[in-house]
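Enquirer: Heads up: the sequence shown begins at 1 in UniProt numbering, then just goes up one per residue.
Hints listed in this document are in silico derivations from the structure and should not be mistaken for laboratory results. Fair warning: there could be bad hints in the mix.
Heads up, simulated SDA-like pairs for lysine to any residue below, C-alpha to C-alpha not over 25 Å straight-line [claimed, not checked]: (1) Lys93 with Gly56; (2) Lys93 with Ala36; (3) Lys93 with Thr24; (4) Lys48 with Asn69; (5) Lys98 with Gly58; (6) Lys65 with Glu100; (7) Lys98 with Gly70; (8) Lys60 with Ala36.
Across the chosen pairs, the derived CB separations fall in these ranges [as the list claims (entries may be wrong)]: (9) Glu100 with Gly30: 16 to 26 Å; (10) Thr68 with Ala36: 17 to 27 Å; (11) Thr78 with Phe107: 17 to 27 Å; (12) Gly106 with Asp57: 34 to 44 Å.
Note that the structure is predicted; figures quoted are calculated from it, not measured. Just so it is clear, CB atoms sit at the ideal spot from N, CA and C, and this is done for glycine as well.
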Amino acid sequence: MKLLFYLASVTLALSASSVAAELTAEVPQGDPEFTAKAMSAAPADLGKDATIIRIGDGFKVTPIKTGTNGWTCAVDTTGEPWCADAAGLEWFKAISTKAEPPDKTGFVYMLAGDLGTSNHDP
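Produce the entire structure from the sequences given, and follow the hints as far as they go.
Expert: Following this line, the structure appears as structure tokens:
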């Protein structure tokens, strides 16, 4: 039993380190590369039908692809991909513009991880 636990722990650690190793601060310039990185944040079946956006200063949104499932995926300026539902997108906008956050629950996928974002001063 201890051996099984050890093997599972090593497998999870290696999986986590390989995902972390793939995540870089690069924000892809080409739309296909940007889209692929943005979609890496969510389960494949959710990401394929999501809207893909680029976000500029002041949360200026430039759409790359219009989706059909109500989810939006992007790569933030630090290279971290994320996908959010409508309320989650409102949260990202509020954080980015230092506005009052919405009074609702939003969901965000960041399956590729993050690079150490500050929760005190995002």
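Enquirer: Could you check the structure against the hints above and give me the numbers of any it violates, in ascending order?
Expert: 6, 9, 12
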